[in-house]
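**Student:** In case you want the letters, here they are:
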Amino acid sequence: MNATNCTLPYFRESIFRLKENRAAMVGLWLLIFLFIAAVIAPFFTPYSYYETHLSLKNYPPSKEFWFGTDELGRNVFSRIWLGARISLFVGISAAFIDMIIGVIYGAFAGFIGGKIDEMMMRFCDILNSLPQLLIVIILLVLMGPGLTTIILALTLTGWINMARIIRGHIHQIKHLDFVMAAKALGASRFRILTHHLITNAVGSIITTVTLTIPGAIFTESFLSFLGLGVQAPMASWGTMASDGLPALRFYPWRLFFPAFFISVTMFAFNLLGDGLRDAFDPRLRR
Amino acid sequence: MSWAYYLTYKFFTLIFSLFLVATATFVLMHVIPGDPFSQEQTIPEEILKSLMSHYELDQPLYKQYIHYLKGLIRFDLGPSFKYEGRMIQDIIREGFGVSATLGALALIISIVAGGTLGSLAALCRGKWQDWLSMLMAVIGMSVPSFILATLLQYVFAMKFNLLPIARWGEFRHMILPAVSLSAFPTAFIARLVRSNMVEILEQEYIVAAKARGLGTSKILLRHVVKNCILPVLSYLGPLFASIITGSFVIEKIFGIPGLGGWFVMSITNRDYTMIMGITLFYSAILMIAVFIVDLLSFSIDPRIRRNQ
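Chains R and C, in that order, are what the protein sequence lines are. Under our numbering, residues 1 to 286 are what the first sequence spells out, in order. Under our numbering, residues 1 to 308 are what the second sequence spells out, in order.
Keep in mind the hints are simulated off the structure, nothing from the lab. Where is the CB? At the ideal position from N, CA and C, for every residue including glycine. Among the hints, a few may not be true.
[To be verified] Cross-link-like lysine to any residue pairs, in silico, SDA-like; alpha carbons within 20 Å at most:
1. C:210 to C:221
2. R:115 to R:104
3. C:10 to R:118
4. R:19 to R:33
5. C:159 to R:118
6. R:19 to C:221
7. R:183 to R:172
8. C:159 to R:260
9. C:10 to R:119
10. C:159 to R:246
11. R:115 to C:10
12. C:127 to R:22
13. C:10 to C:233
14. C:10 to R:107
15. R:174 to R:113
16. C:127 to R:185
17. C:127 to C:116
18. R:115 to C:131
19. C:218 to C:196
20. C:127 to R:21
21. R:174 to R:192
22. R:183 to R:251
23. R:115 to C:6
[To be verified] Now the in silico label distances, taken between C-beta atoms and shown as ranges:
24. R:190 to C:101: 53 to 63 Å
25. C:90 to R:104: 45 to 55 Å
26. R:264 to C:2: 49 to 59 Å
27. R:104 to C:16: 42 to 52 Å
28. R:123 to C:124: 38 to 48 Å
29. C:161 to R:199: 52 to 62 Å
30. C:11 to R:199: 55 to 65 Å
31. R:36 to C:27: 42 to 52 Å
32. R:9 to C:101: 25 to 35 Å
33. R:37 to C:158: 22 to 32 Å
34. R:44 to C:161: 35 to 45 Å
Using the sequences and the hints, build the whole thing.
**Tutor:** Right, here's the structure in full:
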């Protein structure tokens with residue numbers, strides 16, 4: 001029995017439903033645009049993100065500097081796309097690590113059931129009852145700010161949501177007939193888990209990952225805003241917004257551009273995530 | 001499951017989690033290399049010794065730990081390392097009132113506005129009202145509170161001079177910070193209420209109520225709103241968390257003398273005891289809030305009793 005044969009029509013149908021969803025497609029195209037721009041946009045300007053032009057401090061947006069310059073005369077346009085790379089990298093890698101830990105933990109707990117499952121879920125409950133952002137802040141204060149520490153801190157409690165969703169999903173489907181059939185055909189427990197149960201949950205996995213990313217991007221920018229994010233000369237949208245805040249009255253573009261891009265990115269991920277959820281689980285669509 | 005069993009179970013989970021956080025903060029505090037006085041240039045041996053004994057840092061670790069836990073029970077979080085002679089619990093007492101006022105206002109706004117938007121969308125499902133409120137909800141979820149705060153500050157305080165830009169004291173000062181704090185929870189509640197209400201409106205008991213000749217407003221009040229309260233209630237825990245953590249930056253942006261501002265300042269100053277103390281305090285508040293919400297949902301919703 002080949003699992004891919006069973007999942008393909010379902011996927012085709014889901015993708016069809018996704019394409020029908022105009023909001024989700026807007027989100028998808030926005031994201032594609034952001035990704036491409038993050039890669040190629042810095043090549044369209046001769047000024048790098050760290051180059052300072054002290055005679056051109058806080059220069060408003062112009063032909064030369066499309067998004068203006070900051071307090072050290074650095075090109076905001078280049079810095080925005082550097083920030084895009086960093087924010088997207090943090091968001092996607094945190095969501096990806098969450099996914100790996102969460103799927104393994106949740107699938108194991110859901111599959112094995114019984115006392116072990118109960119204990120594993122109690123552990124999640126306790127971890128979840130701790131205030132996540134506070135833990136992340138403490139860890140960053142102790143470990144020192146930086147890209148790796150942010151991702152680490154984000155994933156420390158971030159995987160719980162994924163684990164719960166996967167565990168719930170597997171609980172629901174593990175007594176269904178197709179699992180029984182696979183068992184009867186002599187499939188090993190490991191094969192049933194990887195080829196039938198987890199494959200069946202791929203829809204919820206993709207949706208959860210997509211909806212985790214904006215949260216991670218938000219947390220990163222929030223921490224950077226508190227001064228716990230990436231350190232100079234690197235810049236994320238959060239650090240740029242934080243630097244632009246005191247200059248709001250006279251040089252509003254320094255805050256406007258990072259703020260705009262954080263919001264647009266999160267907006268796009270939320271739209272796409274909602275669309276994916278509706279597409280993979282049409283029962284939820286209302 | 002009986003009331004008593006559920007209450008005891010949740011209560012012990014709460015105590016255990018609190019103990020866990022307290023222990024974790026203690027361990028973390030002692031993992032940091034060096035002691036609070038090591039950055040001072042050269043302190044004579046004797047003074048250092050008397051300082052250490054004043055703050056009881058010369059005791060063995062387990063004694064310090066017991067002392068620390070005993071202090072926590074009496075709500076004694078110890079002195080701040082950066083602000084000489086100030087106790088953390090006094091700073092919390094001062095700042096928390098302000099933060100709580102702001103938080104309560106944001107809470108009320110998000111429940112009222114979120115409930116209204118969500119039910120409007122559900123009742124006008126498929127029409128422009130639905131589309132518009134859900135678009136607003138996605139935008140509310142996508143714009144981080146600190147960005148909304150600066151935007152509101154720029155528009156309402158700098159451009160049009162309608163509201164004060166910062167400071168604290170009168171009601172006028174609270175509007176902008178409370179609105180920016182409540183954006184995310186409002187959006188979340190609106191979506192929650194909408195999806196639940198849509199589901200409820202399709203239930204057979206609504207049809208039955210209509211068949212019995214009940215008016216629309218009576219159906220809404222008696223059947224729909226009552227059933228919509230539960231999911232919102234169970235979201236109150238995360239909502240508290242969102243408002244508390246959001247208040248850190250909001251208080252910084254609006255120059256509000258609340259606990260969040262102190263917390264951010266202590267992070268900048270690397271005032272370890274204060275960071276730990278405030279974290280512990282916030283964790284306790286959050287966990288107690290979740291505990292109360294759990295008990296409330298348990299006593300209201302018969303389904304939880306059956307499922308547990």
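**Student:** Which of the listed hints are broken here?
**Tutor:** 5, 6, 14, 16, 18, 22, 27, 30, 32
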